[in-house]
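Number of protein chains: 2
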Amino acid sequence: MKYNDFYGQYFPFWNDLSQEDKEILCSNTSAVCFEDRQNVHNNLECTGLYILKSGRLRLYILSEEGREITLYRLNPGEMCMLAASCVIQSITFDVYLDSELPSECYMIGASAFGEVSERNPSVKIFALEKTVERFSDVMWVMQQALFVSLDKRLAIFLLDEISSSGDSRIAMTQEQIARHLGTAREVVSRMLKHLAADSILEINRGGIKIIDKNKLRSIAY
Amino acid sequence: MKYNDFYGQYFPFWNDLSQEDKEILCSNTSAVCFEDRQNVHNNLECTGLYILKSGRLRLYILSEEGREITLYRLNPGEMCMLAASCVIQSITFDVYLDSELPSECYMIGASAFGEVSERNPSVKIFALEKTVERFSDVMWVMQQALFVSLDKRLAIFLLDEISSSGDSRIAMTQEQIARHLGTAREVVSRMLKHLAADSILEINRGGIKIIDKNKLRSIAY
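Sequences listed follow chains L and X, in order. Oh and the first sequence: position 157 is 157 in my numbering, straight run, nothing missing. Oh and the second sequence: position 146 is 146 in my numbering, straight run, nothing missing.
No lab work stands behind these hints: they were computed from the structure. Treat the hints with care, since some could be wrong.
Unchecked claim - Below, simulated DSS-like cross-link-like pairs (lysine-lysine); rule was C-alpha separation at most 30 Å, straight line:
id	chain 1	residue 1	chain 2	residue 2
1	L	Lys130	X	Lys130
2	X	Lys53	X	Lys2
3	L	Lys22	X	Lys130
Extracted from the complex, chain L is given alone in its bound form (with noise of 0.2 Å):
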């Protein structure tokens, strides 16, 4: 059976399934793979489970005149209940998912996940759980887009992205940048310039190096 290793190592709650249950799930499986920056799932039909293999997917809302907010990112080993909506029914809100680099995903069609979670406790609790985390994400978000500033948050956001990396280069356009933060490619920009009029970054063609990390620190903190 063809994921079962995978499922056994992933899922707390596979042991305690029935074979036939364990089978609904991987037959119901599909290795996806999708390229640096290409949709995978925009809202209109619910699709499922989604599992990072490799890559890095990003979750977001969209408003009416097209602004964006990312919500949160999915790294390798993470999971996205929210593109299963139909699963959990108290989800009512709309999400869009597109990957920020090539990414391998296993997804679980909705409905075989739905089926064997409504026989399996173990499973919905399972479910439920990895959704109200994402919960915890979303508040931080919300609060720091409220109630932080835009420098301070563009601080944050460029100290997250060496941090993570390792790299005091970060290859993303003032365009992304903007999207992250849910504001207007002018206004990074101006703020971008900015910090490197204080030699706390340098701005090139292929996107931004970090010099200062220090100051930065300051500006977030």
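Based on the hints, put chain X in the right spot on chain L.
Just chain X now, kept in the frame of chain L:
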């Protein structure tokens, strides 16, 4: 057993519980009363699960500078899990709960509820589902706060108020309205004066009276 009849009607899982678990929940319930505008829960401790019998409670987040954003209100018959974050471990954000009217609640102690929910998957699923429902409410508030202009949000707020009370008078101070919208009193005051100049509402000592609901609606939608 006090509360047994009420819980039998209130909780869908009640009949699944052992007699012992029913007794644990009942004996750890307290009836608590709050005056108008009193703090119910201030996030310093994990109190428990509140069920509102009468009155109205308001759940909000607070910035370091004291700005508030209302996440949702509880009406009679509704329940608040977010003040019991120790029961649902994945909740790691801070919320505050105030009464908006004289209110009467039943409060089930967090540790008793946690203990019973560990033994009974149906209780745990109920608690998690109620939490995820609120996630959707909060996402709506977040999208409003981030994407919708303040004059629209004020108009929507005023329309919601008169439609839920059935009265064209709104007995709230400008300070209170500002808190709901997460903005300053001066901003609300200025917007209300504009609306009064357009004969959409009247500002009195005791609050606001909506005169032209249709015009207000055209601002909101």
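| query | Of the hints stated earlier, which fail here? | reply | Hints that this structure does not satisfy do not exist here, as all of them hold.
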